[in-house]
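Quick one: dock chain against chain with the hints and give me the complex.
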Amino acid sequence: MDEHRLFSLGMLILTVLCTAGYLLAAWRQSLRGREWPIWRLAFWLMGAFLLAVSLSPGVMRWAHLNLRWHMGQHLLLGMVAPLSLVLAAPVTLLLRSLSTDWARRVTACLQSELVRCLCHPLTALLLNIGGMYLLYATPLYAASLQSPGLHHLLHVHFILAGYLFCQAILGGPDRTVAHGEGLRLGVLLAAIAAHSILGKLMYGYLWPVGLTQPPEQIRAAAQLMFYGGDLVEMLMLAVLLLGGRLTRRQPLPLVRV
Amino acid sequence: MAHTSTQPADHRRSLLCALPMGIGLMAAVDEILFHQVLQWHHFFDQATSTIGVLSDGLLHAGELFALVLGAILLIRLARSRRLVVCQAWAGGLLGAGGFQLFDGIISHKVLRIHQIRYEVDLFWYDLSWNAIALVLILIGLLVWRRGRSCVGG
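Protein chains in written order, with the working numbering: chain A, 32 to 288; chain B, 577 to 729.
Honestly, the hints are just simulated from the structure, not real lab data.
All residues carry an ideal CB built from backbone N, CA and C; glycine is no exception.
Do not rely on the hints blindly, as some may be mistaken.
What the hints assert, rightly or not - Taking CB as the label site, the calculated pair distances span:
no., chain 1, residue 1, chain 2, residue 2, range
1, B, L703, A, R250, 29 to 39 angstroms
2, A, A174, B, R588, 54 to 64 angstroms
3, A, P179, B, Y694, 29 to 39 angstroms
4, A, D33, B, T626, 57 to 67 angstroms
5, B, V605, A, R250, 43 to 53 angstroms
6, B, T626, A, A173, 18 to 28 angstroms
7, A, C148, B, V686, 41 to 51 angstroms
Just chain B, same shape as in the assembly (with noise of 0.2 angstroms):
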């Protein structure tokens, strides 16, 4: 496959690419610290513990996809010199407060599958957790809006 260095730099799609990535990276934080390190909760905690663990094999293999699919879609991006790191970037914090955004609302408040602990008062737990992912998001598309002017390479 040749390649050619006259193709412009496409900021949408080193974006898109960098997504994945963001959301593996803030699947496998979330599965590593609280489902294995703190254990606070699994995927799914409505079931008993033995779901949740066969809850959380499925999550697992959701995020090793993510991060492979990303990666690979980054660097195919990379050799066709199309990629705009700063815009990389931003997809990827994109990508990490978007799924931590999802995890707080959704999986937490409307499905219910789980919560972030249990037998504590929850509303500390819930904030935090939903600002850093706001936060995220924010600095994403600062991150974005500002890596408008970046050259690929």
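Here chain A stands alone, though its shape is the one from the complex (with noise of 0.2 angstroms):
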């Protein structure tokens, strides 16, 4: 068990410190009077204290033992934190507040040909939404639980794979390409059906293969992942409809021509 306190020793204090970097650079920014939005660093926080809480020793140690759980775990995780960051813009804010040389240089790594890759929404699709068939329908899982490393290694893939989901999707001022708004929403209504049906069969054939887990445990684990899913996703798609050109031509033509 001593690995696992390890673990979420470290991740929380990189949050700190990935908070506290937040709040100087927000700070310098109304200093030099370029105000950062204060909705955008309300969203940082709460992202940064939904990663801390499910990666305390407590949560940790109940999700290894329940799947339900774990579950909720990976909910906050992989979907609720990540969404909450992205909408805080961290990349936009470092962007701002480097130097220009140094901005340079990030911008030149964002704009690398894997960076662009990666952020690309069917990439962002697969790392997400297939590292999660490949994490429940497989005996992934089930050797996960075995070893603390893999264990470790799947939490920091729930994360980063999450963000990139959201990122790709939601585009932003953090984003690296434009991508177009017909691609974003049909990957998320992929992602959607996937998720739902991916909760399904974990219902129906009691997955995660090879868990011992009584099935009353894993059935609510997979009701928590559909219906907990659908609302997150439906906040997603809400973000993305919201920013795009769908719904924001709908009451203003008329007043403008």
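Right, here's the structure in full:
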């Protein structure tokens, strides 16, 4: 159990450091007279708080024993926290805070072929949802319960893949390439379908494969995945549509023309 | 975005923006009641039950999209003070009835991708299914006609 405690502590320190950096950068922006939106700051704090809670030693221990807790943790780490962090636009804040030289270097890195490929909605979909199928439809999850290293890697993957996916779908100021609204919407709909299908398969076949937990617990976890996933994905849909042309065009034409 | 309150109430747009809401709600009723609770049918029943579950996932995604899109359109319209509530009700009813009728005629009878239920005499099921759709559409049309005198707000 000591390894789990160490992992929790490490992630907690990382979260606190990033939050301190974000606050400092936002504060410096306002000193220079370029106010950083307070709602973005609030989203960062919420995301960081959710990360800290779901990676705390107590939650980690319960999630290890009980699949429902694991699923709740998974929803927070892979969906709610990333959505909140993406809305905080940390990359934009970073670029604004760096010197011109460094900002240029970071931009060059973000524009590199690798990052552009990773940030493509389809890649992000594959990493996020594909990873989830790999985890629950194969004995991978059962194996991760035996190996702390694999278990921790899995949590880091949840966070990173979730962030990448939210970023690729929502775009916003942090985007590196402007992908079309239709593509992003289509990929999000595919993700919703794939997520709900996996929830049902888990309910029906009592996945994760090779787990010995009682069936009621597995079914409850699958239900949490189905409905919880729906809720967050509806929020993502709302954010995507609110920022897009599909709804913005609607009340305006008669006013403008 | 500054909205002036002098804009006229928009009856047609109120109806159109509520359509996705009605479609999404009816799809949700269909999915929850018939696909999940009663498990009478899936969206696509001509292959294995796994394909049925997969096709239900697509229906589910489309239905969430319709609900969120409808909600946003209605809220935007209400914020610009051009929403006519009774016409939005008409739109919702027409959307719900339209989806039900489309499901009843096109999916069940023309494309035959699924039936309402299996191993029973379908006639009464089909009849009541499409009758409910027509009643919804009829009420929607009545609300729309009566709502022409409504003012926005």
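Problem - CB-CB spacing for R588 of chain B and A174 of chain A relative to the 54 to 64 angstroms hint - result: holds, 59 angstroms
Problem - Consistency of beta-carbon spacing, Y694 of chain B to P179 of chain A, with hint 29 to 39 angstroms - result: At 49 angstroms between Cβs, range violated.
Handout entry: Hint check for R250 of chain A and V605 of chain B - Cβ pair distance inside 43 to 53 angstroms
Key = violated, 23 angstroms
Practice task
Using the Cβ atoms, figure out if L703 of chain B sits within 29 to 39 angstroms of R250 of chain A.
Solution key: holds, 36 angstroms
Handout entry: C-beta pair T626 of chain B, A173 of chain A: status relative to the range 18 to 28 angstroms that was hinted
Key = holds, 22 angstroms
Handout entry: Outcome of range test on Cβ distance (C148 of chain A, V686 of chain B; 41 to 51 angstroms)
Key = The hint (41 to 51 angstroms, Cβ to Cβ) holds, given that C148 of chain A and V686 of chain B are roughly 43 angstroms apart.
Handout entry: T626 of chain B and D33 of chain A - C-beta distance against the hinted 57 to 67 angstroms
Key = violated, 43 angstroms
Comparing the model with each numbered hint stated earlier shows that hints 3, 4, 5 do not hold.
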